[in-house]
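Quick one: dock chain against chain with the hints and give me the complex.
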Amino acid sequence: VVMTQSPLSLPVALGQPASISCRSSQSLLYSDGNTYLSWFQQRPGQSPRRLIYKVSYRDSGVPDRFSGSGSGTDFTLKISRVEAEDVGVYYCMQGTHWPWTFGQGTKVEIK
Amino acid sequence: QVQLVQSGAEVKKPGASVKVSCKSSGYTFTSYYLYWVRQAPGQGLECMGIINPNTDSPNYAQNFQGRVTMTRDTSASTVYMELSSLRFEDTAVYYCARGDGYNYSLDYWGQGTLVTVSS
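Protein chains in written order, with this note's numbering: chain L, 1 to 111; chain Y, 1 to 119.
Treat the hints as calculated values from the structure; they're not laboratory data.
Just to be clear, a hint being listed does not mean it is correct.
[To be verified] Per label pair, the in silico range of CB-to-CB distance:
#1 Y/Ala16 with L/Ser19: 26 to 36 Å
#2 L/Val62 with Y/Gly101: 12 to 22 Å
#3 L/Gln26 with Y/Ala40: 38 to 48 Å
#4 L/Glu109 with Y/Gln65: 34 to 44 Å
#5 L/Trp98 with Y/Thr116: 23 to 33 Å
#6 L/Ser71 with Y/Gln62: 24 to 34 Å
#7 Y/Leu114 with L/Ala13: 32 to 42 Å
#8 L/Gly45 with Y/Ser118: 15 to 25 Å
#9 Y/Ala9 with L/Pro17: 32 to 42 Å
#10 Y/Gln65 with L/Asp32: 19 to 29 Å
Glycine included, each C-beta is placed from N, C-alpha and C at the ideal position.
For reference, chain Y alone in the conformation it holds in the complex (with noise of 0.2 Å):
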């Protein structure tokens, strides 16, 4: 069964970085495009970006362009996103979430990743 495994909860300072990992299984790592989604506490859904596993070239969305990074490891079917300059209202749950092909949406999600932005 399709699985994506997200890391844990991460707490960083105003101005840091934070890396979150999602991994992969029960399916062709390379095939499927993976997405990541944001939610800030008590609020709506929103795209930060996409990244193709095969070629390793992502698409980010304008609201986070110059600040976030996404990347992937092949071998261990793991794809990465770094968001630097934290402010504290990037504290939020971050999802990974696979692109369903050609419907144009996602189809499984990870469990979330909380991200605290905290001095």
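Same shape as in the complex, but just chain L (with noise of 0.2 Å):
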């Protein structure tokens, strides 16, 4: 399953709102009537860390200017307003298809 993320590039000023899209070359919608979608954002140097998971469901510690939402193959990852902190790559990640695949990353960095 291919995933595709727009913009690749997102240059966002502190305070404003950041949306990033992800479709899915496939649904994403399983048969026990689950999406599997994450979001994931990788600061510079660090691992990887979940927001996001079955769509909307944010991580325990995550802000809640973080949200997700979508459904079948087009999914959104919102930053309600954007924070120096917030700097990274952003990547959506399906699970429902094996193997998991990821989007290309989406950068984003303050304008």
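Next comes the structure, spelled out in structure tokens:
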């Protein structure tokens, strides 16, 4: 399953919203009724950190300015107000079809 | 707290093999699958495969079939990933990550191991 993110680069002013799109080449709706789409943040020099799983469930400790939405083949990660610590690369990943696959990544930087 | 601690950086020649370890702590080792994901320099993330620490049964992504072997040592709460017939393009950071059960996701990641293939 090919995961396609856009944009690949996203300059955002501090305090402004940001939105990243992720599209899959096949539906991510699993036979159990769940959709297994996750979002990860990778800060420079660090390992990836999960922010969101099952489309919209936020991980413990993740600020509520991060939110996920979508269904089927079309998903979005939104940051309501970008802060300096949000700089990094964001990846979507599908866990519905094996092997799990990632998007190419979206680099968020401060304008 | 859950921790995945990987072995240190490696430099290998083309055609050689490399074995990377990932030691788990802070949870019941046999209760969660472990995955291997690699990231070439400046590139994205690629899932290599998964191992069930309870049964020692792996499942490899097709891109790595025939070259990768994933094993585990229950007594040491450690999984291993061995990649053979190394090529220059295998230069990457290799991560282990814990599978998040029925959420079909990855909730904890190791710190990564840089493998450099150089003549």
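Okay, the hints, checked on the actual structure:
1. Distance hint check: the CB atoms of alanine 16 of chain Y and serine 19 of chain L are about 45 Å apart, inconsistent with the given range 26 to 36 Å.
2. Between valine 62 of chain L and glycine 101 of chain Y, the C-beta spacing of about 19 Å keeps the proposed range 12 to 22 Å intact.
3. Between glutamine 26 of chain L and alanine 40 of chain Y the beta carbon distance is about 25 Å. The supplied range of 38 to 48 Å is therefore violated.
4. Hint check: glutamate 109 of chain L to glutamine 65 of chain Y, Cβ distance near 38 Å, so the stated range 34 to 44 Å holds.
5. The beta-carbon spacing between tryptophan 98 of chain L and threonine 116 of chain Y, approximately 29 Å, falls within the hinted interval of 23 to 33 Å.
6. Remark: the range hint 24 to 34 Å for serine 71 of chain L to glutamine 62 of chain Y is upheld by a beta-carbon distance near 28 Å.
7. Here the CB-CB span from leucine 114 of chain Y to alanine 13 of chain L is close to 34 Å, well matched to the stated 32 to 42 Å.
8. A hinted range of 15 to 25 Å holds for the C-beta pair glycine 45 of chain L and serine 118 of chain Y, which are about 22 Å apart.
9. About 39 Å separates the C-beta atoms of alanine 9 of chain Y and proline 17 of chain L, a value consistent with the hinted range of 32 to 42 Å.
10. Glutamine 65 of chain Y and aspartate 32 of chain L have their C-beta atoms about 27 Å apart, which keeps the hinted 19 to 29 Å range intact.
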